[in-house]
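Okay, here's what each chain looks like letter by letter:
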Amino acid sequence: MAQPRVETSPRVSDEVRKTTCYMCACRCGINVHMKDGKVAYIEGNRDHPVNKGVLCAKGSAGIMQHNAPSRLRAPLKRVGPRGSGEFEEISWDEALETAVNWLKPLRETAPEKLAFFTGRDQSQSFTGWWAQAYGTPNFAAHGGFCSVNMATAGIYTMGGAFWEFGAPDWEHAKLFLLFGVAEDHDSNPIKMGIGRLKERGAKVIGVNPIRSGYNAVADDWIGITPGTDGLLILSLIHCLLKAGRIDLDYLARFTNAPVLLNCDPKSPDHGLFLRDEDDKPQVIDRVTGKQVAWDRPGITPDLTGHVRRAGVTHTSVMHLLAERYLDPQYAPESVADRCGLTSERIRALAGELARAAFDDPMVIDRPWTDFRGDRHDRMVGRPVAIHAMRGISAHANGFQTCRALHILQILLGAVETPGGMRFKPPYPKPAHGHPRPHAQSTPGQPLPGPHLGYPQGPEDLALSDGGEPLRIDKAFTWENPLSAHGLMHMVISNAHAGDPYRIDTLFLYMANMAWNSSMNTSGVMEMLTDTDECGDYKIPRIIYSDAYSSEMVAYADLILPDTTYLERHDCISLLDRPISEPDAAADAIRWPVVQPDRDVRGFQSVLLDLGARLGLPGMVDEDGAPKYADYADYIQSHERRPGVGPLAGWRMSDTGLTHGRGAPNAAQIDSYIANGGFCTLHIPEEAQYFKPWNSAYQDWAVTTGLCDAPAPYLFQLYVEPLRRFQRAAEGHGDHQPPDHLRQQIQEKLDPLPLWYAPDAGDPDTYPVHALTQRPMAMYHSWGTQNAWLRQLHGHNPMYLPTRLMREHGLQDGDWARITSPHGAITVPVMEMAALNPNTIWTWNAIGKRKGAWALKPDAPEASKGFLLNHLIHELLPPKGDGLRWSNSDPVTGQAAWFDLRARIEKVPPPAESQPAFGEIASPVGQGPEQLAWKTKP
Amino acid sequence: MHPAPSIIAFTTFSGLGLGLLFWLGVDPDPPTGWSAFAFFLIGYLLAVGGLMASALHLGRPERALKAFTQWRSSWLSREAWTACAALVVMGVYAALLVFFGVQVHVLGWLGALLCLGTVFTTSMIYTQLKTVPRWHHWSTPVLFQLYALGGGALLSGRVTTGLVLIGLAALAQAGWWLAGDQRLAASGTSIETATGLGHIGKVRAFEPPHTGSNYLLREMVFVVARKHARKLRLIALGLMAVLPALLLLLPFGHWLALIAVLSHVAGVLVSRWLFFAEAEHVVGLYYGKR
Amino acid sequence: MTTLPEKTTRSLGLVIDLDTCVGCHACVISCKGWNTENYGAPLSDQDPYGADPSGTFLNRVHSYEVQPETGPAQLVHFPKSCLHCEDAPCVTVCPTGASYKRVEDGIVLVNESDCIGCGLCAWACPYGARELDLAEGVMKKCTLCVDRIYNENLPEEDRTPACVRTCPAGARHFGDLSDPDSDVSRLVAERGGIDLMPEQGTKPVNKYLPPRPKDGWQGEVDVLAPFLEPVAEEPRGFLAWIDKTLEKL
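Taken in sequence, the protein lines are chains B, L and W. With the numbering used here, the residue at position 125 of the first sequence is 109, and numbering never jumps. The number in the numbering used here is simply the position in the second sequence, starting from 1, with 31 added. The number in the numbering used here is simply the position in the third sequence, starting from 1, with 749 added.
Wrong hints could be hidden among the right ones.
[What the hints assert, rightly or not] With a straight-line cut-off of 25 Å between C-alpha atoms, the simulated DSS-like cross-links for lysine-lysine are:
id, chain 1, residue 1, chain 2, residue 2
1, L, K320, W, K756
2, W, K952, L, K161
3, L, K233, L, K320
4, B, K611, B, K88
5, W, K993, L, K161
6, B, K274, W, K993
7, L, K233, B, K848
8, W, K997, B, K274
[What the hints assert, rightly or not] Short, incomplete list of chain W residues facing chain B, as computed with Cβ under 8 Å:
id, residue
9, G919
10, E939
11, A981
[Unchecked claim] Now the in silico label distances, taken between C-beta atoms and shown as ranges:
id, chain 1, residue 1, chain 2, residue 2, range
12, W, T819, B, P668, 46 to 52 Å
13, W, Q967, B, D683, 48 to 54 Å
14, B, G902, L, S170, 54 to 60 Å
15, W, A800, B, P419, 48 to 54 Å
FYI, nobody ran anything at the bench for these hints, they're computed from the structure. The beta carbon of each residue, even a glycine, is placed where N, CA and C say it ideally should be.
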């Protein structure tokens, strides 16, 4: 019999539309294949700087997200009690008028009574601008419970961080050290990078209590005890200092190691830098022996400099650093037990770092000139790349741990050098180059400046003259002075408690606060439905925008339905968190590759409409008419500074189209579409490394519009703003903390990194650490409504290490009650051997509320799946002092959900995982019985 | 393997029917007339009914005729051919016997051989599968033949022959079970060879590729608890051989004979259920199951 | 095609690197997407939003824990799809000839219009590479994207299986394993690529590259020790060392 003929060249699609993925925060370029006007297939865009053609499971499943039955269909008005899910569909006019009727009087009387918080928002420079125009101080996105420790520690230390801000030098690194990485930002670049390292034969070492994902492919795995990463890192620093395995030349030239510090404990300026009349920190020039400003051309800063001025001794930061970390308390033998490691293991790791950094430096023959005018004929780097994420961040000691990690990188000379870690434009950008927070609201007026920023001292806190918090989330207060991303996780709790004040309207976007995006989920549901003595909700009004029937929808009063990511305009802007790579600045757009088939609108366009109806400055012209037709119009025509708008590509110059600075271009989005949805601005070769100090890079950044003047700076081993807060806590200055916080500030806001054990419950009562991580194929709740992805992760077991399985007589599929100081859950367990012996973990946000996401109520997500969130509280257990102590980092306020401790008991299997919640009505019905999706050819 | 009712019914009833037809074919002194009609009807109902049941297992039964095409390589295709041949030849033999009272011995013998051949091809569908070590053994066709011959003998009223063959089938079955319990381990296929990771250490299945079920798990990974299996094996032997033997050793009576036959059939059904339910497909190793 | 070809002109297949696969399931979903829209019937899903969602997938990623004699347990992600065996038992058991192995490239395919959905090929496959689609009633399996790899409507660089094109870590490689000079054959030779279940005698074309040895730091302790030789024990000596070293620079 003849072999059947197979059509090997079928038509793939009618057209490929290139846009940006939104199945997680990674923002890969996608080719959307269209057939018959419908989405037929989604693949990665080969030309795209982020993913270079590859695409993860989520991205490829986008078609099922776009077709999900959970999509909202029209604006909704709540008709049943909050939390019931009972709504009626209304018109957009009614919806917008309702919102205006709520928001207009507030703006005229007390704009702070609107709290506007966005979750997985990728348009924060826009939403923040809107909130600023409205005049409320209460705006932030989800960074406070995500990774503000990592971002803030990075910005204050080196003017950049990981993720969108920086990446390993995958092409040159020889050793890659990875600490607790979360799976979304940079998810494909990390996978591609690891693949590239493996291909080149570089070594990968993973430090993580759980050996899954990237740690599974690591050559060496260090299964550290959660929350002790900082201690391990300080011990590595101890070993490297002691062995002199640090990059002295790099430290002297590019860091504040040679900067002189006031060392007199009696001086009011103790711990502050010695500065000249221009306020410039001082160093000793090794050549002349003279005290000079740090940036004086031609000098060689002396790492061991010291000087006596006005009777006060000043010594270099290096001096203090050596004294601190050479102390035997940081010797591997002293820390090993607490880290759950052996001292030999720690030494071997330190030895690996030393060998990789200094035995075989990575040299690129490429001359460059630094900011002091020194010409370097080559680029010499330390091929140790370090990357880290939420795992070390979401602890109450996370800020200092992240700081310690950066100090380690800097001591090795492995930041912005070949083989190390590299920044992505608009970074590098130091803390003092960022705005400071603004929170003083005036009725009927816009806020005087951006909400979020980087305080340089107590005077920048968001406090009233009476010392009361100005923000509902108490960001930028003495409790957490450097809360640079705001504290979204405190908003509902504080608004419910009326602490520091009551609000009227809570306006949320893409934040599933009634479920997986809150700690203490049951408590939050109660707060959202709690009423006062008159029977009114304590949080009177809730407006929510989401594209899908999430749990949070049920808890809002007015729903503004968003489009899916394939139906909308978006810009991934250099003003925000762009898609840059270390060798290029890059931004991107989304555009409607298909039109919505329902009565939904892109949230940003709705916000502009609302802004115009409210008459917000910048959103209406002189006649009060709307200034922007929609978000696409805003993207093209808005200018943040002259010549600088949301998109940097294809702007107008006198001579025609240009990239970077330029006037608005009414066809800009078309140009982006023609170019695959993104724009890449390549950094000249000479400018690609040593960026904070590289004159060529600084000049390029100015030309491109990233900054307005060259701004070289030093890496801050010693962070002076922290010292300023300490000083206040010691009683100096006009701005004074409340007494109950003095000790905390003195101890924890140390300008040199330290480690302290998180206060997360009594280790005897709660002997086990409990963690969550996100599966690579799922992103928060979003994956669950996706018919393909939910087959991969339809429920989540609690993974227990072999030791605990045996100790509790548990077998795979048995159930256990997990109890924390805050609550208990009863869940199925599974054994995992490649796991820290005192740690349990589960997948994040697989558990769902019955009735949400258009799933059937008996979906496994609701019956067997569960949230760990129920065990975690936004506050620490009461200490008996009547104060509400937050469960967070005392520097940034980052929610410390990885500090969770628990105990385990075997229990008989319940009918479903506990706690179980009632079914919410689905405003969109339920999905079909069978799917056989095929676009008809 | 999933003990699908359609497949259990198919192998059990077609085996019995073909066994009965075999004995009718080789009978030197066969029944004639209405009596022959009754016997052949029972034989055909069982054999054809069983074969029809097997079609229920198909995803696209309307294309079943395509199964005749691959007789050169496929045991399933060969089974289709032998079954048809057996039924046609036996049909002619039966028609002559029933309607004309003529016995054509050659046809009878040929038909009988084809009946056994059909049982053999059926058994080879399972025996050929290296992926199911419990089945992949010469004793599987022997067992199927003994079942068919024993059951057929009983149905055809050959008490002594039937009892002897059923006794042999019971012994063979017990031996097949005991030997079968070792066969997966002896096959050399393990989670270590399945994953190729055995050189590193002991392998354990961790997260499955999907939290829900799938075709493979439903079809090929059916886990029956060991203690239940032991009980069911005793029940199968009791119903299939012991009870019929006791009943038939009592003074003969039609009702007793009928109960003996029904008991035997019930026992064969249980043993066939176990035949599938206990069979470990090596794909289960990938899921950490056997 | 009733029987296997005696020889195929080429042996196209995959090489999967277990040292690099991070278990992200990208290949699983990319495969699902392409093959739902392309070759044959769509890969259907039953109860997709209900209690027991279960659909047809041609590629699935398992994970295994391996406990070596010393050192911590290891976790290995393990993608698995049709291995396009030389001696493919799934082909010879097929009663209708729907299953066949292509002479020109060795790809094992199901001609869906001939498939009666008897499931015997799935029984015959030791690897779980075939799944019966419940909506269509026919057997589905990896086609090695036969409708991509020769597709003249795709740019040349995209003429690879969807799973290979999408794999972020680069753990999947596609090529002709009968050509000893092909990239994939070289990779197999260099890295000691292996067959799954060799004792089943299926002679798989797809190969797996085993994970490289892990956690060998204890063997390096002596080599690394000199890198940590102290230059000083306390701060004063350390700063003196800095001074001395900087003098030399």
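Outcome of the hint check:
1. K320/L to K756/W: It is violated: about 35 Å lies between the C-alpha atoms, which goes past 25 Å.
2. K952/W to K161/L: Answer holds: K952/W to K161/L is near 14 Å, not above 25 Å.
3. K233/L to K320/L: holds, 15 Å
4. K611/B to K88/B: Within the cut-off at roughly 18 Å; holds.
5. K993/W to K161/L: violated, 74 Å
6. K274/B to K993/W: holds, 19 Å
7. K233/L to K848/B: violated, 30 Å
8. K997/W to K274/B: holds, 20 Å
9. G919: holds, 4 Å
10. E939: violated, 11 Å
11. A981: With Cβ-Cβ at 7 Å, under 8 Å, it holds.
12. T819/W to P668/B: 46 to 52 Å: holds, 51 Å
13. Q967/W to D683/B: 48 to 54 Å: At roughly 50 Å between Cβ atoms, D683/B and Q967/W fall inside 48 to 54 Å, so the hint holds.
14. G902/B to S170/L: 54 to 60 Å: holds, 58 Å
15. A800/W to P419/B: 48 to 54 Å: Taking Cβ atoms as reference, A800/W and P419/B lie about 51 Å apart, which means the hint holds.
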